[in-house]
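Chain by chain, the residues run as shown.
2 protein chains.
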Amino acid sequence: MSLRPALLACALALLCQPISAGEPARYRSAQEIIDAAPAEAWRTPDPANLLYLELESGRVVIELAPQFAPGHVANIRTLAREHFWDGLSIYRSQDNFVVQFGDPDGDDPAKARPLGTAKKKLPAEFHRASAGLRFDRLPDADGWAPQVGFVDGFPVGRDPKAGTTWLAHCYGTLGAGRSNEADSSIGAELYVVDGQSPRQLDDNITVVGRVIQGMERLSVIPRGPAPMGFYEKPELRTTIKAIKLASEVPEAERTPLQLLRTDSKAFAEATEARRNRRDDFYKRPAGHIDLCNVPLPVRAGVP
Amino acid sequence: MSLRPALLACALALLCQPISAGEPARYRSAQEIIDAAPAEAWRTPDPANLLYLELESGRVVIELAPQFAPGHVANIRTLAREHFWDGLSIYRSQDNFVVQFGDPDGDDPAKARPLGTAKKKLPAEFHRASAGLRFDRLPDADGWAPQVGFVDGFPVGRDPKAGTTWLAHCYGTLGAGRSNEADSSIGAELYVVDGQSPRQLDDNITVVGRVIQGMERLSVIPRGPAPMGFYEKPELRTTIKAIKLASEVPEAERTPLQLLRTDSKAFAEATEARRNRRDDFYKRPAGHIDLCNVPLPVRAGVP
Chain Z
1 MSLRPALLAC ALALLCQPIS AGEPARYRSA QEIIDAAPAE AWRTPDPANL
51 LYLELESGRV VIELAPQFAP GHVANIRTLA REHFWDGLSI YRSQDNFVVQ
101 FGDPDGDDPA KARPLGTAKK KLPAEFHRAS AGLRFDRLPD ADGWAPQVGF
151 VDGFPVGRDP KAGTTWLAHC YGTLGAGRSN EADSSIGAEL YVVDGQSPRQ
201 LDDNITVVGR VIQGMERLSV IPRGPAPMGF YEKPELRTTI KAIKLASEVP
251 EAERTPLQLL RTDSKAFAEA TEARRNRRDD FYKRPAGHID LCNVPLPVRA
301 GVP
Chain B
1 MSLRPALLAC ALALLCQPIS AGEPARYRSA QEIIDAAPAE AWRTPDPANL
51 LYLELESGRV VIELAPQFAP GHVANIRTLA REHFWDGLSI YRSQDNFVVQ
101 FGDPDGDDPA KARPLGTAKK KLPAEFHRAS AGLRFDRLPD ADGWAPQVGF
151 VDGFPVGRDP KAGTTWLAHC YGTLGAGRSN EADSSIGAEL YVVDGQSPRQ
201 LDDNITVVGR VIQGMERLSV IPRGPAPMGF YEKPELRTTI KAIKLASEVP
251 EAERTPLQLL RTDSKAFAEA TEARRNRRDD FYKRPAGHID LCNVPLPVRA
301 GVP
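Taken in sequence, the protein lines are chains Z and B.
Under the UniProt record's numbering, residues 1 to 303 are what the first sequence spells out, in order.
Under the UniProt record's numbering, residues 1 to 303 are what the second sequence spells out, in order.
Treat the hints as calculated values from the structure; they're not laboratory data.
Glycine included, C-beta positions come from ideal geometry on N, C-alpha and C.
Errors might be hidden in some of the hints.
Claimed, not checked - For each label pair, taking beta carbons as the anchor points, the in silico distance ranges come out as: (1) B:Pro227 with Z:Pro123: 39 to 45 Å; (2) B:Glu272 with Z:Pro227: 18 to 24 Å; (3) B:Glu82 with Z:Glu181: 55 to 61 Å; (4) Z:Pro146 with B:Pro234: 46 to 52 Å.
As the list claims (entries may be wrong) - Below, simulated DSS-like cross-link-like pairs (lysine-lysine); rule was C-alpha separation at most 27 Å, straight line: (5) B:Lys241 with B:Lys111; (6) B:Lys121 with B:Lys111; (7) B:Lys233 with B:Lys111; (8) Z:Lys283 with Z:Lys120; (9) Z:Lys283 with B:Lys111; (10) Z:Lys111 with Z:Lys241; (11) B:Lys241 with B:Lys119; (12) Z:Lys121 with Z:Lys111; (13) B:Lys283 with Z:Lys121; (14) B:Lys283 with Z:Lys120; (15) B:Lys119 with Z:Lys283; (16) Z:Lys241 with Z:Lys119; (17) Z:Lys119 with B:Lys233; (18) B:Lys120 with Z:Lys283; (19) B:Lys233 with Z:Lys283; (20) B:Lys241 with B:Lys120; (21) Z:Lys111 with Z:Lys283; (22) B:Lys283 with Z:Lys161.
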């Protein structure tokens, strides 16, 4: 049998590349570029913007985006500080779409958990003015938005005519569930995308952040009954031990990590290396990369 | 607490729509269109093209695409008939990418399972001539291929200049793992996409089919160690009870299902209803749909 898992690993994981030392103009894989990125290409997220979702299986680390959803992020900080989610659950898991969590009894006034000092009503924050944002544009065509790229490590869509920018729904995106009214989300009910990017939701819902580590703890949660994945039986829900702000956690208990700056040369070069793969595996470089196919590298490390 | 799970369900699952009886020109949701599709809009797949991947958690149903990969599909049929995969395993699960299965000892001549009468070498079948295929094109822009659409229920890319068509890597796509050589796959090692569509693999690898039911049995398989998801410990692998051709299974044990024809009016109308959602939830219809965001409806039912 000629297929060797080691080779298949390289082939399918797209992570290992032939290295021919001494060739000055040789192709460098995205991983090689990232590994060689200088210290200043990495950023340490602000602990006040990091949310730790603690599950039995471990910690999920989320970066919040107050520059896009200041009202929702402020409310989420309040809810976390007041332990709103502790003991609540992930009550929905729909295949190729989202997991959703918060208070499954939120619609029952007799059983709903009190919101404490958090606001009960917030304006929608679907998009914001592009002014004041550093935008690193992808040159690639996109069907969902006039322009796409990155702002502060987040994938975004952008409309130059309207002068607006919004967070895109990619794998790992954290959004605020709402009902039909645009202003019906307050950040207490949240969902994380774990399937093909549902970009039709872009600029239609308030996005509040992105999972940056531990996504695999959410994506393997058994799916609830079709079509929407809500668990009928409470015992099948996944309990949330706690959701905490990293800034409220003792330093020794924080998860030290850094993210590759999306305004760095290394990020642009790694993206180009993926857009046109020139290793021994690829027979036809795509010449394209989709916004939600661009990995946003994270590394363990103390600031 | 104003957020009601029932409303959130509608909002996020995008499946329930307001019904205003009596308005002749009212918007119909994709689900309403599909529910009203006539019998001839549905097709019953050929049992000789259906593969049953039997896991402890249940059955995964795959439709093979012999019109795109005749050599590989013939080999897969032989391997299934000769019980090649029975007792082997899913030995890789990489988050936001693929699960991969076959013989984890395939690289060890002393331990590899014999291939029986299956061919040990096959030509690559990355694409085929477009001639002779009914192509239902999506009008939407795509960055990965000059044209995209559907052939016989499969999402495809198409190059009118080269006159070629290939199966696209979407959620649920089944491909034949290979090493660096284009002709190094024979269909014994297979992978299923369970993350954001890795379309850079299109026309770079032989795609052999698509999961049409039971995808959630694969997508929840715990991820193996990063970065590539291969299990180091054999006991963590998921055992394959059997992979069988439906045509070799007694009729009473088959899974009766039908697929919405991608050349039907209902399919085109449902896709348009998703491209421009006009229900009470959406504030801004996308005006676009991505190839891999188009659901390919399946229903239970006896032919």
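Subject >> Numbers of unmet hints, in rising order >> reply: Those not satisfied are hints 8, 9, 17, 19, 21.
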